[in-house]
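Asks: Chains as they are written, first to last, in the working numbering: chain A, 1 to 284; chain B, 1001 to 1322.
It is worth saying that the hints were derived from the structure and are not from the lab. As the structure is a prediction and not an experimental result, all values here were calculated from the model. Quick reminder that beta carbons are idealized off the backbone N, C-alpha and C, glycines included.
Examples of chain B residues toward chain A, derived with CB under 10 Å: (1) 1069; (2) 1086; (3) 1093; (4) 1115; (5) 1121.
Simulated pairs of lysine to any residue, SDA-like, Cα-Cα distance not exceeding 25 Å: (6) B:1147 <-> A:48; (7) B:1147 <-> A:39; (8) A:280 <-> B:1085.
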Amino acid sequence: MATTQSAPAASTWRGASQLVVPSRVQRNGAWYVAEYRLRNLSKWWGAILAFGLGNPILYLASIGLGVGALVNRNGGTLPDGVAYLTFLAPALLATAAIQGTQDEVSFPLMHGLKWERVFYAIQATAITPLQISQGIMLTAMIRSVFTAGIYWAVLWVAGAFTSANAFLAIPAAIVAGMSFACLMLALTVRFIDSQMFLASIGRFVLTPMFLFSGTFFPLESMPLAARWLGWISPLWHATDLGRVLTYGKVIPTWLLLTHIAYLLVLGWASFTIGNRMLTKKMTG
Amino acid sequence: MSSTTTSPESQPRLDAAPMIAARGLTKNYDDFRAVDGIDFTVTRGESFGLLGPNGAGKSTTMRMIACTSQPTAGTLEILGRDTEHHGPWIRAHLGVVPQQDNLDRELTVRENLYIYGRYFGLPRSYINAKIDELLEFAQLEDKRESKVDALSGGMKRRLTIARALINEPEILMLDEPTTGLDPQARHVLWDRLFRLKERGVTLIITTHYMDEAEQLCDRLVVMDKGTFMAEGSPAGLIAQYSSKEVVEVRFGSERNQEIVDKIADLGDRVEVLPDRILLYSAEGEAALAHIIERGLHPMTSLVRRSSLEDVFLRLTGRSLVD
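Isolated chain A (complex conformation) (with noise of 0.2 Å):
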């Protein structure tokens, strides 16, 4: 191996001092993590394209269009009076938001603490934990935009929708996302050395969630023994808010208020522990 290369020229090494403006770190450092997480993720765009297609036009064809068909039948027993895919919709844009967070929160945190621990890498520049945490969230919330328009309009285009506010059930679906994702950094961060865990999230928490939260017949409908199961997720509530907005499902103003305070409140403690267990994870 040749070792007479010459060391690029004194000449034009300035140094920190010069190069580095520490302020603007401090100002854009969560928007660093998140174009780092976003060149990560455009190595799988292709992946993520057929995911967010196919699962929207799949649980269409299945579940909204086939199901849909037997429950339109017996149209004397339709939940709120409306045809089964528009009461499907909501949930199913709701359930597509928070899976994609889900992914865009647990994966990095865990390629990021352990796997490869390219947490620690950063760490060691101006960014702070914090701003990882920051940047993580503001890319699932790209990831929940992203998936959460494309199911919108697969489900626009196959007519679930009737109330001209329709398109609210984006921002909704996106806050349900977000609350998700801020819960999944505390979980994350807290079981990262357990083996079983990110298995476990899909068979012990997104499963009961999509089953339990009211998505494919009214929370009402279940023995009250165990819709507490639909009242503390926020699929639940970010399902009967979409149903509001998509069809103008008539609730009281306290429980649409309720809703909206319960997605941003989980959100808000779970991100608020979330970073505080990262930051002492990563500084002790």
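Model the placement of chain B on the given structure of chain A, informed by the hints.
Replies: What follows is chain B alone, placed relative to chain A:
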């Protein structure tokens, strides 16, 4: 040292004030004291080494200097600012090469350098030009678009060092820079680090290799159990704590202890290791000749110059690499 020079708020101090000043620096992990009240200063352009076995507290000290771990007690100032309140500002001026490479395996060599530059808020045009320079420096021009996984251990290490230079750091910190590398890769790295030193970059190096410390460090401390056992230049430490030469003799593990009393008077000091006896003497060849004159015939013998290993053995009673 001038204490009257003032620096602009955004600039590190460029006067003769220490780059790093630690007083009573202590770090506890629950009941375990990893670093126990150490004091040291490092001046601009100096190459400062922390030498010690695994678990001595070197990496913990490095993490505190890198502002990624807060001291439990004591004060630590870098570039004139305390690490407790100015972590991100200080880190903006550092380059850190961790013990284990934490490159992003999903990105290419070029992308790893690029995103790292972004973490310092550096403009894209600057980073793209700098990448060419760093790839040449690290001898990785051919690997520009390769995934990190395709690199050898030595290449990954060089890439990690190149990455740490993207912001042209005032202080470059290297934690065990050549552990796990083959001899050729180590020499290439030493060459690269020596060039940085020539350019005036302050180097902080931890190692448990004596030859590495002798090659790279102007000054070093011997660290054990969280404290500094000794401090000085490699040659100064050897002069202070060891003799000029060492005779290594092997009589077989059964007989070493029995022989030691018969030769102890031939040198300044004698150490018995499980497999050999070390006799410290200014005149190694003469001491060996005396051993043989006494009718003691070692299975193998070697006369060599004293090294930092001998200093460490003297100070701690243990070998550096167990």
